[in-house]
Amino acid sequence: MSAILIVSVVGIMITLIIQSIPSIQSLGIKYLWGKVWDPVNNVYGAFPFLQGTLLTSFTALIISIPFSYAIAIYLGEYNTKGWLSNLLKNTVELIAAVPSIIYGFWALFVLVPIVRKFEVSIHVVPLGVGVFSASLVLAVMIIPYAAALGTSLIRMVPSPLKEGAYALGATRFEVIRSVVLPYTRSGLFAGILLSLGRALGETMAVTVLIGNTSALAHKFLEAFFGPGNTMASVIANEFQEADHAMYLSALIELGLVLFFVTVIINMIGKKIITKYTNK
Amino acid sequence: MEGRIKLRNTKSIIFKAVVVFFAFVITIPLIVVLLYIIKMGVMQVNWHFLTHVPTPEGETGGGIANALVGSVFIVGMSSIVAIPVGILAGIYLSENPGTRLAYYTGLCVDILQGVPSIVVGIVVYFWIVKPFGFSAISGSIALAIMMLPIVIRSTEQTLLLLPPSLKEAALSLGVPYHRVILKVIVPCGFAGILSGIILSIARIIGETAPLLFTALGNTLFSTNVTKPMESLPHVIYTYAISPYDDQHDLAWGASFILLMFVLLLNIFTKLITRKWNIQL
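Chains as they are written, first to last, in my numbering: chain C, 39 to 317; chain Z, 6 to 285.
Everything labelled a hint here was simulated from the structure, so no lab data went into it.
It should be emphasised that the depicted structure is a prediction, and the values quoted were computed from it without experimental measurement.
From the three backbone atoms N, C-alpha and C, an ideal C-beta is built for every residue, glycine too.
Any given hint could be a false lead.
As the list claims (entries may be wrong) - Facing chain C, a subset of chain Z residues (Cβ under 10 angstroms, in silico): (1) T110; (2) L165; (3) L166; (4) I272.
With the hints as extra help, turn the sequences into a complete structure.
Structure, rendered in structure tokens:
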């Protein structure tokens, strides 16, 4: 049965590679930074999607970091047991349980009008949908992953270390800053990597919210608040419309890139965690 | 000196306040989403809604019976595929740690856990949809692939927690190995395995991306698993991006049902793990 699993994973990889061969052969490495995506004229460049993916994922990550750190520190250090701590822990887990399409649907009808008002007030084109809205929702969705890992790691900090610091007269904040956080630094980083892996591959909420345009914005504000496209959302939107082999193959190559990027990020994260927990 | 200590203490208090603030602010979006979905959805749900198929655009009424049945079919079929494979692989991993096959299996589980769901959709499209056409079965296989790593990991973790003396006692009584596994190991870890299964079902029932190119969706009532079939998340997606208010209402109702289902499954898992005191 384990063998079945290995075969299927290898199969996934081989399928992706074989199906994207036509696009790799004819487009070469230029594909990755080609700036124009124009299937009608058979011009394929993945740069707009790379930019969209990186922009949404990293914005979401930056928004989520303070929250996931705060949850990890609160649950791991300040309040480790009791009903309040359990309640917060379960609530955070529920955030991860809500299907992404429901987040997308809700945000389309509630968050987007709010963002639109905000965009009017800062004088950019008030579309509402776009990279910014997608990042906001994405940030909420990825918090549980980093928070859960961070909590368990902070709880594993040996208490003699902390007690030593307290005995020297350190305040709680000083213990956290100079004992707990340095001790768990690489583990927390791994948690952020896992969150990033989630954010990169997240499809449905982003597809609904990002506005779907393959044109490359030139100014930063335009790119940030305007509509865009991520690798996952362009696959979701255009896969069924892909009417010739080249188009399809180019989309699959996007999937291949996405697959390898998320696998590598997850592997690094997992490596750090195993190294850390075995020490 | 006094002043310095006061400053440090104040700093500590402020830091705690900031941490508490950020930690609890994050519950707000969840509560807002839940309340909004409940508010919009609960009015839609009635007997008619649950037993009728969607009406054409512009007509009022209609329900999501096809999506409900479709979701049950698709998730049920993927469970049939994923649960035995997952449990067996989990048993293998916990019984033979350190072998080469176990190492590569563990690696594959990690990889599979990180694969974006849309990529799974593409791959299954080429495996099954390309040769046989869109079908509910292809959707089930895509979901089964998403389900496997969760089932495997939870089975493995639960079984590793069992004391080895249990197995040794059974073996020393002369019980054959396969019966030890079936009659001692699996029943003892049953609660953990079960909660892993429920959790994985809760995870995949809301997955939309792999179904886009596989089960496709169907506006009619269908129980033929070799033909396209509607599912709850897919019905939400199509109606969420449609311009008609009637369809939005249907989507709110569908979201409500999906959300309730996922929450119930999660609470159920919590109860099981609490009763048997399992750490997942």
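How the hints compare with the structure:
1. T110: With a minimum Cβ separation of about 4 angstroms from chain C (threshold 10 angstroms), the hint on Z:T110 holds.
2. L165: violated (14 angstroms)
3. L166: This hint is violated: Z:L166 lies away from chain C, its Cβ roughly 15 angstroms from the closest one there, beyond 10 angstroms.
4. I272: holds (9 angstroms)
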